[in-house]
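Number of protein chains: 2
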Amino acid sequence: MNTPPLPSRRKLLAWTAATAAASTLPPRAGSASAASAPIALKKGDVVLFQGDSITDAGRDRKTQDQANNPAALGRGYPFHIGGQLLAEHAGLKLKVYNRGISGHKVPDLDARWQADTIDLKPAVLSILIGVNDIWHKLNGRYDGTPQIYREGFAALLKRTTDALPDVKLVICEPFVLRCGAVNDTWFPEFEERRGHAKEVAAAAGAIWVPFQEMFDQAVAAGTEPAYWAGDGVHPTHAGHALMAEAWRKAAGI
Amino acid sequence: MNTPPLPSRRKLLAWTAATAAASTLPPRAGSASAASAPIALKKGDVVLFQGDSITDAGRDRKTQDQANNPAALGRGYPFHIGGQLLAEHAGLKLKVYNRGISGHKVPDLDARWQADTIDLKPAVLSILIGVNDIWHKLNGRYDGTPQIYREGFAALLKRTTDALPDVKLVICEPFVLRCGAVNDTWFPEFEERRGHAKEVAAAAGAIWVPFQEMFDQAVAAGTEPAYWAGDGVHPTHAGHALMAEAWRKAAGI
Numbered sequence: 000m001n002t003p004p005l006p007s008r009r010k011l012l013a014w015t016a017a018t019a020a021a022s023t024l025p026p027r028a029g030s031a032s033a034a035s036a037p038i039a040l041k042k043g044d045v046v047l048f049q050g051d052s053i054t055d056a057g058r059d060r061k062t063q064d065q066a067n068n069p070a071a072l073g074r075g076y077p078f079h080i081g082g083q084l085l086a087e088h089a090g091l092k093l094k095v096y097n098r099g100i101s102g103h104k105v106p107d108l109d110a111r112w113q114a115d116t117i118d119l120k121p122a123v124l125s126i127l128i129g130v131n132d133i134w135h136k137l138n139g140r141y142d143g144t145p146q147i148y149r150e151g152f153a154a155l156l157k158r159t160t161d162a163l164p165d166v167k168l169v170i171c172e173p174f175v176l177r178c179g180a181v182n183d184t185w186f187p188e189f190e191e192r193r194g195h196a197k198e199v200a201a202a203a204g205a206i207w208v209p210f211q212e213m214f215d216q217a218v219a220a221g222t223e224p225a226y227w228a229g230d231g232v233h234p235t236h237a238g239h240a241l242m243a244e245a246w247r248k249a250a251g252i
Numbered sequence: 000m001n002t003p004p005l006p007s008r009r010k011l012l013a014w015t016a017a018t019a020a021a022s023t024l025p026p027r028a029g030s031a032s033a034a035s036a037p038i039a040l041k042k043g044d045v046v047l048f049q050g051d052s053i054t055d056a057g058r059d060r061k062t063q064d065q066a067n068n069p070a071a072l073g074r075g076y077p078f079h080i081g082g083q084l085l086a087e088h089a090g091l092k093l094k095v096y097n098r099g100i101s102g103h104k105v106p107d108l109d110a111r112w113q114a115d116t117i118d119l120k121p122a123v124l125s126i127l128i129g130v131n132d133i134w135h136k137l138n139g140r141y142d143g144t145p146q147i148y149r150e151g152f153a154a155l156l157k158r159t160t161d162a163l164p165d166v167k168l169v170i171c172e173p174f175v176l177r178c179g180a181v182n183d184t185w186f187p188e189f190e191e192r193r194g195h196a197k198e199v200a201a202a203a204g205a206i207w208v209p210f211q212e213m214f215d216q217a218v219a220a221g222t223e224p225a226y227w228a229g230d231g232v233h234p235t236h237a238g239h240a241l242m243a244e245a246w247r248k249a250a251g252i
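Line by line, the protein sequences give chains A and B. Position one of the first sequence corresponds to residue 0 (numbering that gives the first Met the number 0), numbered consecutively onward. Position one of the second sequence corresponds to residue 0 (numbering that gives the first Met the number 0), numbered consecutively onward.
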């Protein structure tokens, strides 16, 4: 176990409790309140996963326009969730897409948002973004501060709900495991950024998927961090499957 | 709906009921009774998936020796099951492998059984085999009768339990959907072969996964066959995820 005790551990809620709290969060006045209602899937709904390499998970770009194509969904949590939703809601003829792209940060999503998100008219839009916003800053390839992450993420969600007022937003908590490429230089800034993501999600009336709490709890239960993400950032097969379970619990579908 | 009523429909049990019945089947006197006990996973257990293209599901051969490698598990039911077991039994450090190979029949499994199965020392061995044994016969590439399928399958299982007396066998029911490449020429021989598989599994004290009943029930509930397997043989993303649920329910893990 190479995980020193973290101050944030003491604040840990079981992720199930956090999930329950987030999913019952009242919408803020003036926010996109439609997005905070429980998800009720309808026939033909598009379910879209957006994000970086964690979402991308080796997906086949050539078939990305084919809904429900296994290769196009990658080998991560969108593959698991997509299959389960398609199996359990067969009558709805859902269309599941993955448009995560490795290395992307909030501004990269913004640059391709019209074609890769809004034009697909998702009924359910899942977003996991933020780890590269800090990682690329730590290694000198980017200079965006936590405040720039917060403002850019909030603007992206406003742009989304302006264009798609009925979209159900599912915002996934950025997370890291304390191993591999993740060392002390990531903290406390990473925690600050996680806080921003959660507040931005709440302001948008989004469902919140507490991935960091989930992984923290899994490690606290005795599994070493690398079991869930060898390099601290990219989940293993076990990690992605656990994420899928948490996502479905939070989204309620 | 292009599915004419089948005689076998009238005999359909809900697959959950069939599963419950199969998993409580008493071992036959003199059979490998150890395999019929409920599965109790132990630390370091190897879980191995064997079969044809349905199991293979586009897996990466180059990484097949790496346990739990997502690419090596393909894009089908072994990927789903493997991820879920790894996530939910993290403390056990399971090792999941997929060695399904497209186009294989019972004699093809037999030819590579030592290196691809016995040498891996699986604690849990899942086998789905039989569709090519009839398909290749129908298209003139093979001349094995249903009786040859039965005898070959039984011999393969005996060889397995002789070498691995503690292995837990999970035998999956061969299945087809009534669409694509599957037409009336497949019947009633395919049903005869399914019957052989079930009897061979019972004789070996194996757990039985009733995939045909499951898909028949899903189609009877109103979803067209192609939703589950476009060509009638190879499951879609939805089909594989449904198989994973049925497998886990039958195996009890």
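Misleading hints may appear alongside valid ones.
Where chains are identical, the list cannot tell them apart; a pair therefore holds if satisfied intra-copy or between any two copies.
Stated by the list, open to error - 25 Å max Cα-Cα, derived SDA-like pairs, lysine to any residue: (1) Lys61 with Lys197; (2) Lys42 with Glu244; (3) Lys92 with Asp64; (4) Lys41 with Gly102; (5) Lys136 with Ile147; (6) Lys197 with Gly231; (7) Lys94 with Glu244; (8) Lys92 with Ala217; (9) Lys41 with Glu244; (10) Lys248 with Asn138; (11) Lys61 with Ala201; (12) Lys120 with Asp107; (13) Lys197 with Glu244; (14) Lys248 with Ala225; (15) Lys42 with Glu150; (16) Lys92 with Asp107; (17) Lys248 with Ala89; (18) Lys41 with Lys197; (19) Lys248 with Asp64; (20) Lys120 with Asp230; (21) Lys61 with Asp183; (22) Lys92 with Ala225; (23) Lys157 with Phe186; (24) Lys120 with Glu191; (25) Lys41 with Gly229; (26) Lys94 with Glu188; (27) Lys61 with Glu190; (28) Lys248 with Leu91.
What the hints contain is simulated information worked out from the structure, not anything from laboratory work. Quick caveat, the model's predicted, so the values are computed rather than measured.
Is it within a copy, between copies, both, or neither that the alpha carbon of lysine 248 lies no farther than 25 Å from that of asparagine 138? Answer is neither: 35 Å inside a copy and 47 Å across each miss the 25 Å cutoff.
For lysine 120 vs glutamate 191, is the C-alpha pair at or below 25 Å within one copy, between two copies, both, or neither? neither (32 Å within a copy, 48 Å between copies)
At 25 Å max between alpha carbons, let me know whether lysine 197 reaches glutamate 244 within a copy, between copies, both or neither. For lysine 197 and glutamate 244, only the intra-copy Cα distance (19 Å) is at most 25 Å; the inter-copy one is 33 Å.
Have a look at lysine 42 and glutamate 150 and pick one of within, between, both or neither, based on CA distance no larger than 25 Å. neither (34 Å within a copy, 47 Å between copies)
Intra- versus inter-subunit Cα pairing at 25 Å for lysine 197 with glycine 231: The answer is within: 21 Å in one copy meets 25 Å, while 45 Å across copies does not.
Please sort lysine 94 with glutamate 244 into within, between, both or neither, judging by C-alpha distance up to 25 Å. Answer is both: 20 Å inside a copy and 20 Å across each meet the 25 Å cutoff.
Classify it for me, lysine 61 with alanine 201: is the Cα-Cα distance of at most 25 Å met within a copy, between copies, both or neither? Classified as neither: same-chain Cα gap 35 Å, cross-chain 45 Å, threshold 25 Å.
Since the copies are identical, ignore which copy is meant and state whether lysine 61 and lysine 197 lie within 25 Å (CA to CA) inside a copy, between copies, both or neither. Neither: 33 Å inside a copy, 41 Å across copies.
Please sort lysine 42 with glutamate 244 into within, between, both or neither, judging by C-alpha distance up to 25 Å. both (23 Å within a copy, 23 Å between copies)
Using 25 Å as the alpha-carbon threshold, which applies to lysine 41 and glycine 102: within, between, both, or neither? neither (33 Å within a copy, 38 Å between copies)
As a check of your reading, is lysine 248 near alanine 89 (CA-CA no more than 25 Å) within one copy, between copies, both or neither? both (19 Å within a copy, 19 Å between copies)
Intra- versus inter-subunit Cα pairing at 25 Å for lysine 61 with glutamate 190: neither (36 Å within a copy, 39 Å between copies)
In this structure, the hints that do not hold are numbers 1, 4, 10, 11, 15, 16, 18, 19, 20, 21, 23, 24, 26 and 27, in rising order.
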